[in-house]
Amino acid sequence: MISSLPVLPVIFPMITAAMILLFSEVKTRRLIASASSVVQVAITVMMMLAIQTHQILIMPMGGWAAPFGIMLTVDSLSAIMVLLTSIVSVAVIHYSITEKTEKQEHPLRLPLIFFCIAGITLSFVTGDLFNLFVAFEIMLIASYALLTLEIDRKEISHAYPYLAINIIGSALFLCAAGLTYSLFGSLNFADIAISSTLIMTDPRIVVIAVLFTLVFGMKAGFFPLYYWLPNSYPKLPAPVGALFAALLTKVGIYALLRIFGTMLPHQLWGVYSIILLLAIPTMILGAVGALERQSIREILSFNLISHIGIMMVAIGLFTQESIAALIYYIIHHVLVIASLFLLAGLIEARAGSGDLKKLGNIWKQSPILSFLFLIQALSLAGIPPLSGFWGKWMLISEALGIGAGVFVAIIVITSVLSLWSLLRIITTGFWTSSATTTTDSSNHIISKDMVAITLSLVLLSLLIGLSPNSVIKTARRTSQSLFNQFEYTKKVMEYRSIRTPHYHTPKIIESPIQISPEPIEIQEIEEHQG
Amino acid sequence: MGIISKYALLLGILLPTLLIPFFFIPSKSIKKYAGLLAMMAPLASLGIILSIANKVGIPQVNFVNWIPELGIHFSFLIDGISLFFSITTCMMGALVCAYSHYYLPKSSPKNSRFYAYLLFFITAMLGTVLSNNIGLLIVFWELTAIASFLLIGFKSSKEGSQKGALATLITTGFTGLCMLVGLILLSILTGTSELSEVLILAPTLTQIQPYLTTIMVLILIGAFGKSAQFPFYFWLPKAMSAPTPVSAYLHSAAMVKLGIFLIARFYPIFGGNSLWAPILITIGVITMVIGAVYAVMTHDIKELLAYSTVSQLGALVMSYGLGTTYGVEHDFYQILNHIFYKGALFMAAGVAIHTFDTQDLRKMGGLFKFAPIAGIAAVISVGAMIGFPGTTGFISKELLLHTILTIPTQKENGIILAAMLVAAIGLVIAGIRFLTLFFGNLKGLSEEHIDPPSMGIQLPIIIAASFSLIFGLFPQDAVFWCDYLRVAGLHYPSPASLSIWQGITNPLILSGGILTVGAGISWVLYKRKWVDCTLPETAKLETKFDHLLNTIQKISTAITAGVKTDHSPDYLMIILGFIAGLLLLILLPLFPELILPFLFKMDDTNTLGSLTAILIGGAAIATLIAKTNINKLIAISVVGALISFYFLLYHAPDLALTNLMIEAIGVVLMVLLLIRLPKEDTSQKVDGTLRKTANITIASTIGVIATSLILLMTNNQVLDSISGYFIEATVPLAGGSNAVNTILVDFRGFDTMGEISVLVIAAIGVIGLLWKKGGSINQ
Amino acid sequence: MHTITAILVGLLFGCAIYLILQRSFIKLVFGFGLLTHAVNLFILSMSKSPLGKSAPIITPGNLVSVDPLPQALILTAIVIGFGVTAYMITLVYRILKDAHDQ
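Chains as they are written, first to last, in this note's numbering: chain A, 1 to 530; chain B, 1001 to 1779; chain C, 2001 to 2102.
No lab work stands behind these hints, which were simulated from the structure alone.
Please note that the accuracy of each hint is not assured.
Said to hold, decoys possible - Each computed DMTMM-like pair below joins lysine to aspartate or glutamate, with the alpha-carbon atoms no more than 25 Å apart:
(1) Lys235(A) - Asp2098(C)
(2) Lys1032(B) - Asp1546(B)
(3) Lys2097(C) - Asp1570(B)
(4) Lys1031(B) - Asp1451(B)
(5) Lys364(A) - Asp1570(B)
(6) Lys1158(B) - Asp355(A)
(7) Lys2097(C) - Asp355(A)
(8) Lys358(A) - Asp1546(B)
(9) Lys154(A) - Asp1570(B)
(10) Lys473(A) - Asp2101(C)
To be verified - Covered by chain A, according to a simulated footprint, are these stretches of chain B (three or more residues, beta-carbon under 8 Å):
(11) 1131 to 1139
(12) 1168 to 1182
(13) 1577 to 1586
(14) 1641 to 1651
(15) 1744 to 1757
(16) 1763 to 1771
Glycine is no exception: its CB is placed at the ideal position from the N, C-alpha and C atoms.
Produce the entire structure from the sequences given, and follow the hints as far as they go.
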């Protein structure tokens, strides 16, 4: 069972999607969806538990071991991301189910969401570069489809930037993957890690690193590649928006961590500096943009960008503690952003619009919703003792410790601007009583279930905020294992399957590829400094 | 007893917050007695704290684990400072709860929320002053800001409340973050997060002096923000839109004192720093003067009190600056003075506001007849404010004047003295003006319409005021208790004694002068009906803050205007340009030999290949040049077909076949698209020359980069590749002789599964796009 | 031939990017079509020159084979690209139709 655990969270959603497509009865579809998402959580929890004892779960697809076949490798980081995905998914799917009546639900939405989840999960568990590309494509095409599925007629041209930019990103990914293969002779993370130690001083590694920074930066929302984000996220239906905002950008960050942490040597200081430099405009423009917008979800989207900038600082500093801060921040951010988008959806449904001027007296009308929103907004802004604060604390402490005071100053300014933009929602939006009466058209009925689902997400992040010790410990341990490239590569490369009983060592080339080379001999994996 | 007391302190601090749910129980009696019930909470907390406190003098630390990973724990320090602030917080809190009971509309459903916020604030306040752990301090510090935000915004629909709450949280948030950075630096440099340990280390900290100054400045920024010092004072007048009990408590007695608390707490550490005194004195003096001047120049009663608070806080800051390396003396006495008289004044003002339903001083007067108790209390408290003998204010002013007059002579002494005099006179004027609320003719309402304030609401006021009187008449008793709370490093070992009469001293003469001049000016102004008391809006820092906010918003609009375009090519231009630029930036320094020589590396040529390549290139360029869509389509199909042939030249038969098939289907789809479209491509826009040049530059750069990358990576190959294995293993292990096929379906079959999924999803996406609402589902 | 391919790829990229930067949806579609070809050829060039080698069908007695892995990758990329292209074409259709219908 454990040995096939890595692939389960990938194919399970896919099978679910297929099954949902088969049935036309809405009740059945919803039942399948609901049950599946809960089972998915169980699977990912099992995976987390398995990681405690096994450190890495390895599964060679098709029986072919690394580096020839595609290996699924689940280490602590992957397990955390997959768990987060399943938690967000279960909330999003149940929200989606309770959001619309059976007649109104678009029959294609649920299958597409499950396909998207499959793609996201595959990105997190794969140990192969080209497989990562395929995973990205699954995720992307599902997201394209979801974006245009229920979009307004007038807004549909906004889908195009998202599509165009991501296609360029995919093209770039393909080129980068090809170049990586050419340089390292392999597509497997562990194998490349070993190979890179043989050619560590080759400056071409920098080129590849920069290419991947661009590719994943486009996905994550780095400056100036983030233009697609604020124009597309606010237009989505609430649960889909929550899914995208919480997870899709994090896939980019995760991929960057994987490439820099697991695949490439840990000394690409030039590239890290580029990320640090780009972090500055990302943070500031994100916060500044949030100040200017007038609709809840647009403000949230820009805040998302701003916080990606903060995560970029964590990556750019590239110390074990800053990556630990990053991992904690990701955990906090996924939950908080998901709940905020869902809350925004609820509020928009109650008020009839997300425009700040038209919100009416939400504070009085729906005190619970407003209060939850306030809590999560404060958490996002980094107010103690909510979850966001500890991440900032870790990052600021580390940055101060290594003398990166400038970035601390910018983080401070960004935090204040971010706080301001979020508070504006409360003061200008929630507290003002608008002249017009609200909700004449209440075809958006807020059911207690939707509030309950969102409440559970909020409670989860509150729990993390009030008692962050175990999460911080996990984050630190995960960062440590990430930096321990040797352990990872050793475990992956030494995993033997029936079909591939021989070891493979990367060799410096002596002669061109021949049809019948010498039989590959069993050799010991080289010792090297991590 | 140890374990109980370990958690007891935490419980005592959290007690007010834990009681919050009780206020939401829908019971009539709870709603009726809400305020009085709330009053119990701070008193209970105080009881717990006092019962735990041992003989003061030896600080106690109380420790409960919280976040070992970050070194942040529930660690509390019970010493003189924390006890002093706890006592004043709790007592004033109890008084305000009782006051609120009578102030707020009876049995209003919103009241529960009010007491909830208030109790939450009390917890946060207690946590801050008792905190021994740096992280914990910050946590509670920010929580006080949150509580303040909620309380200011309590009357949420008022625009003033919104702005006030926003301004408060942004300002204290920013300054709080500066303090955070300073404190983290401190804990990194000292190696501990516990304040008690840092305080012990204080004498040895001179080694890290340069950093210490930075830390000090950062922490002081935090203090100044919270205590409304220049230039952060503007939030306090804005916060006056809060309900009056909130103003009486948070914004005069409790939260604004946190900055003072911080200064006192860190005095032993920073007292010796060369910049400590200058900063404190300068900021304190400026604040003191500005506050007093603005207090005179307003007609709003709460604004008057707010600015006088600012001034008084400035005086406190200044007096800490005037302390020596041994410490200060009687600072607690001065803080005590301000807490009680200001709280009383605010509460009295609240009574007036309640009765007359306005905050404008010109429209109120003559309240004494209807609220005599409050009137007496107001007289006493105003006496304290202006420094009238018999009140704590008098002693306090005398102390301050004495300190100023006895500092070793420098040229600034005169300025400080002058500032003190100006401020004091201003406060006299403001105080006398306050009294017009109670005395003089009845204004605003006629006798019949006045709803006399109840006895209950006046009781807390007189209680507070009585402290000013009692400790003013018998200051030595106050000194005894304050000395009991003495803290090493902050206070003189044996403070000078205080009494009302110390002989005809310079301070006494000055006090007399201040009172006389102040009274005189007040008389003049009174005769002129206080007309001169207005300050142009532009001079106020608040308006400057508003301007700042507006400017920032305008800048953000300007910056983000670019993002709002609907033209994706604009984004694309930026993004592609950025990619091109960045890659160029990386490639050029690293591989300068790339630029030219590759052209000459044509060692292997194939005529057919070259010919095909030229044709493909030509067709590609034709795609650019072709005018009509159909021609473009033809050109691109030619490209596709020729590339398939090129694949053949590369010995890739499967590739060629697949490419051809996909190309065909693609063309069919494009034809379908082109047929169904209107003839005119309405999205077509004409490009200017600048744009064209930019496009050409970007496109060609990327093209060159692509070529360079290929040559760069493929030439000079160092490592072996895994494809050798595939070639070797395809027949024996995978059972097929076509290596590409076996890779696709066996070795890397998982990828193929992924690609098929993509096709399925794409199909779903297409269906979704073509979906017509209400149409039939085509499964 | 390797160098020729490299230059050709560069040219294709240039044309593709230029089309993408045009402010017309149809031209965007053409641009992406060219981009697909450019990327495919790019990956193929990673297998270096095919001269003197045989197709990746392994029978005893063959010459040295070309590198089969890039070809497999390209096949996957072609299929994925086709899915995206089909979707994109439908999207453009929908956008222009909606604009026209209004």
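**OP:** Identify every previously stated hint that the structure contradicts and give their numbers, smallest first.
**Re:** Hint check: 2, 5, 7, 10 and 14 fail, others pass.
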